[in-house]
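Using the sequences plus the hints, can you model the full thing?
2 protein chains.
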Amino acid sequence: MRILLVGSGGVGDAFARIAVRRPFFEQLVVADYDLARAERTVAAVDDPRVLAAQVDASSAQSVTDLARAHQVTHVMNAVDPRFVMPVFEGAFAAGADYLDMAMSLSQPHPEHPHRQTGVMLGDEQFAVATDWEAAGRLALVGMGVEPGLSDVFARYACDHLFSQVDELGTRDGSNLTVDGYEFAPSFSIWTTIEECLNPPVVWEADRGWFTTAPFSEPEVFDFPDGIGPVECVNVEHEEVLLMPRWLDAKRVTFKYGLGEEFIDVLRTLHKLGLDSTEPVRVGGVQVSPRDVVAACLPDPAGLGDRMHGKTCAGLWVTGTGTDGQPREVYLYHVVDNDWSMQEYGAQCVVWQTAVNPVVALELLATGAWSGSGVLGPEAFDAVPFLDLLRDGYGSPWGLREQTPGPAS
Amino acid sequence: MRILLVGSGGVGDAFARIAVRRPFFEQLVVADYDLARAERTVAAVDDPRVLAAQVDASSAQSVTDLARAHQVTHVMNAVDPRFVMPVFEGAFAAGADYLDMAMSLSQPHPEHPHRQTGVMLGDEQFAVATDWEAAGRLALVGMGVEPGLSDVFARYACDHLFSQVDELGTRDGSNLTVDGYEFAPSFSIWTTIEECLNPPVVWEADRGWFTTAPFSEPEVFDFPDGIGPVECVNVEHEEVLLMPRWLDAKRVTFKYGLGEEFIDVLRTLHKLGLDSTEPVRVGGVQVSPRDVVAACLPDPAGLGDRMHGKTCAGLWVTGTGTDGQPREVYLYHVVDNDWSMQEYGAQCVVWQTAVNPVVALELLATGAWSGSGVLGPEAFDAVPFLDLLRDGYGSPWGLREQTPGPAS
Chain H
1 MRILLVGSGG VGDAFARIAV RRPFFEQLVV ADYDLARAER TVAAVDDPRV LAAQVDASSA
61 QSVTDLARAH QVTHVMNAVD PRFVMPVFEG AFAAGADYLD MAMSLSQPHP EHPHRQTGVM
121 LGDEQFAVAT DWEAAGRLAL VGMGVEPGLS DVFARYACDH LFSQVDELGT RDGSNLTVDG
181 YEFAPSFSIW TTIEECLNPP VVWEADRGWF TTAPFSEPEV FDFPDGIGPV ECVNVEHEEV
241 LLMPRWLDAK RVTFKYGLGE EFIDVLRTLH KLGLDSTEPV RVGGVQVSPR DVVAACLPDP
301 AGLGDRMHGK TCAGLWVTGT GTDGQPREVY LYHVVDNDWS MQEYGAQCVV WQTAVNPVVA
361 LELLATGAWS GSGVLGPEAF DAVPFLDLLR DGYGSPWGLR EQTPGPAS
Chain V
1 MRILLVGSGG VGDAFARIAV RRPFFEQLVV ADYDLARAER TVAAVDDPRV LAAQVDASSA
61 QSVTDLARAH QVTHVMNAVD PRFVMPVFEG AFAAGADYLD MAMSLSQPHP EHPHRQTGVM
121 LGDEQFAVAT DWEAAGRLAL VGMGVEPGLS DVFARYACDH LFSQVDELGT RDGSNLTVDG
181 YEFAPSFSIW TTIEECLNPP VVWEADRGWF TTAPFSEPEV FDFPDGIGPV ECVNVEHEEV
241 LLMPRWLDAK RVTFKYGLGE EFIDVLRTLH KLGLDSTEPV RVGGVQVSPR DVVAACLPDP
301 AGLGDRMHGK TCAGLWVTGT GTDGQPREVY LYHVVDNDWS MQEYGAQCVV WQTAVNPVVA
361 LELLATGAWS GSGVLGPEAF DAVPFLDLLR DGYGSPWGLR EQTPGPAS
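Just so you know, the protein sequences line up as chains H and V, in that order.
Counting in this note's numbering, the first sequence runs from 1 upward without gaps.
Counting in this note's numbering, the second sequence runs from 1 upward without gaps.
Be aware that a few hints might be false.
Identical chains blur together in the list; that is why a pair holds if it fits in one copy or across any two.
[What the hints assert, rightly or not] Pairs of lysine to aspartate or glutamate, DMTMM-like flavour, derived with a Cα cap of 20 Å:
| hint | residue 1 | residue 2 |
| --- | --- | --- |
| 1 | Lys271 | Asp299 |
| 2 | Lys271 | Glu260 |
| 3 | Lys250 | Asp166 |
| 4 | Lys271 | Asp291 |
| 5 | Lys271 | Glu261 |
| 6 | Lys250 | Glu217 |
Worth flagging that the hints you see were computed from the coordinates, not collected in a lab.
And the structure:
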C-alpha cells in the first residue's frame, strides 16, 4: 500500500504519527499546500517510508499528478471539507482508492432551508458512485471518528445488539479546557462553523431526510468516563446521510455537545455575517470572513500542551434487543488528552479523528475489508475494525447499557 | 471661511447636506480616499461652493497639500479616529484651523489596564497645545454630538444651572431598530469597538483619571421623548477627558446605552480576537480583523431608510442649584430618524453627530466663538451655540428636571 496523505494540519499530522507505528504500508507521501508544514510532520515521524511533498488540494490535477508520480494506491484526504471534490476527483483520475473523514458540502434548500434538504452532504460523491464501482475502485467516505467510528458502532449495533433499531443517535461531548485562552476551539473552527450553522439534517423512516433550524432539539446527554452531562443540539453531520443507506432504523440523528458559550459564539458570528465564506472587500484585498475568524484563533493542533480533559465520540442506540426486550445502549470511545499527548504528541480530538482511517487502511491492506464504489464505514463488518482499534492501536471502546426510557 | 472636509462617509456626507443650507462659508472641499464617494456627496448637495477631491487621511502631507491648494481656513476631520493625528498635523502645517469629533486614540496601561490610565484620549493632541497657541491657530477638538454637544451642555449647566456640580454624566441611548437585519449598528462599528472595548475612563476630583473593566457600573437610565429605560454601562469617551480641563465637578462619567445584545456581540468579538486592529495573515494577504467585521456589516450611513426610532444624546448633572438647593437635571437632544431622513436624507445618528460642527463653524465664522490652542467645546460660551442649534438649524434641545436621589 502506497498512501498519499493530502493535508498535514492537525489531523494529517496525527495520522502520520499513528501510521508509522504499523507495518502495513510501504510508502506515505505527506503533502500540504505549505511544504514546510509537510516537512515538519515528516521530521517528527522520522521513518524512511515517509516523505514530504507540495500539493494544491483545490486542484484535482495537482492531486492526480502527485498520486501518479508516487504510484499511490490510496489517497487519504485530510484537508478542510471544501476541498473534498478536487481530492476525490484527483484520486479517481489517478486510478487510486480514496478515503476521507468528511464528505462533499451541502447547500441549503433555497426556499425552506429549515424544513427541506437542498444539496445534501456527500450528494456530489454519491452521484458518481457507479463510476467508482465500474472502475473497481473504492471511495471509503466519512472514515474519521464522527463520521467513521460512529458508523462502525452503528453497524455493530445492528449486527450484534439489536433485532430492531428505533434510533441511531450519534452523541459527541467533552470536558476539555484550554489554559491561557478565553476561547479556543479544540477542532477546526472552519469545519465547526460549517457543521453547526448549516441546517441540521435528520432522517426518519417514514419521512426520509429533512432539516430543522440550527441548534434544534437541545438535550442533556450524560457522557461516560467522568465527562458527565453536556447540552447537545442537532448539527448537520455525515452519519445521518450515511447510516440509512446501509442500515435499518426508524430515526437517525446527530447531536453535538457544544455547550452554551460555543452556541452563543456561533450565533454571534452568524448574526454578523462572519461565518460567511463569500469574500468581502477589505481595503485593497478580498478575504473570506470565515477564514479571518480561523486566522484569529489559535491552531487547535498546537493546543495539546495546554489542553486538559477527555473527548468522547459515541452512538446512542434504542430499539429491541436480540432477546426481544427493549434495549438502550451507548457505544463510545473516549480519549484522554494527557494520554494522546504523552503517547503520540497529538491532542486528543485530532488523534481520535486520525486513528480511524489508519485502522481502516490497515484492514484494506490486509484484505479484512474490501469493496468498490462509494461506501460508508457501515458497509463493512464492524468487528475486525473494533478489534484492531483496541488490540493493534491500544484504544479501547466501551458499551454502556442504559435503562430504556419511555417510548417517544 | 474655506473648509476642507476630510472624509465623506456617513457623518461627512451629512455635514455637507447640513452646511449647504447656511451662508457662512465660501468654499467646502469634500475629500475622501475614495473620490467617487466624495463626488456622490457633492452631487447630492448641488451647491456651487462645494467641490470634490481625493485625500489620503493617513498622510499629513496629503492633507496639507490639499488644504494649501484650496487656501483652506478650516480643516474638518470626519474620518475614523485612527486618522486624527495625520489630519490634525496636516491642518497645522497648512496654517489652517482644525475641528474634529473624536480625539487621538488611547493606549491601555501596560500593567493595570482596568485601574490606571495609559495614554489617554487626546493626549497626543494636548501635547502640542502650546504650538497651536503660539501659532494663533485653533484646534477645536471633540466637536460632534458626544463629545461635542454634551460638552456644551456641561458648560451651560456650570454657568447657568448649578453653583456646585457633583457629577457630569453623559448618557446616550436610543430605541432605534433596523428593518431586515439581524444585527446592524447605527454607527461606525470600528469606532464602537474602539470605544466600548477599551477600558472606560472615569474622573474624580480627588483621584484624577482612572480606568475600570469594560462594561462596568451598569445602570438603567430613563431616556426622554418615549425612548424609555435603557441599560447603560461605562465606556471610554472624550467627555471624561475634556470636561475636567475647563469645568469644576466632583465626578465625570460617560455611559452608553448599549443594551444586552450589543454588549454580548462586543464581548464575543473580543473573545475571538476579532476586535483587533493588528493585521493577521489570511491566505496570501494581511488584514485587520476589525476591518473585516466592519466590511461584513451594512454601512450605517446607508441604513436610514430602514431605521425607525429616535436617538438621544445628553448630560445628566447632579449637584447644588444656583438657589443652594440640591438639583438634578438631564440636558438632552433627541433626533427622530423619520425627521432627519425626510428633512436631510441622513439617518438620525450621523445627522446628530454632523450638525454640531456645522454650528460651531458658523459661530467661528461670525466671530461669536474665537480662541487659539487645543480647546474643547466647554471652553466656549454655550448659549450662542444652543440658540443657533435651535433657531438656525431647527433642532431644539431639552431640559428635564429630576428629583435628586440620595447622595452617593
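Comparing the hints with the structure gives:
no. : hint             : verdict
1   : Lys271 to Asp299 : between (24 Å within a copy, 15 Å between copies)
2   : Lys271 to Glu260 : both (16 Å within a copy, 15 Å between copies)
3   : Lys250 to Asp166 : within (5 Å within a copy, 71 Å between copies)
4   : Lys271 to Asp291 : both (16 Å within a copy, 17 Å between copies)
5   : Lys271 to Glu261 : both (15 Å within a copy, 11 Å between copies)
6   : Lys250 to Glu217 : within (17 Å within a copy, 54 Å between copies)
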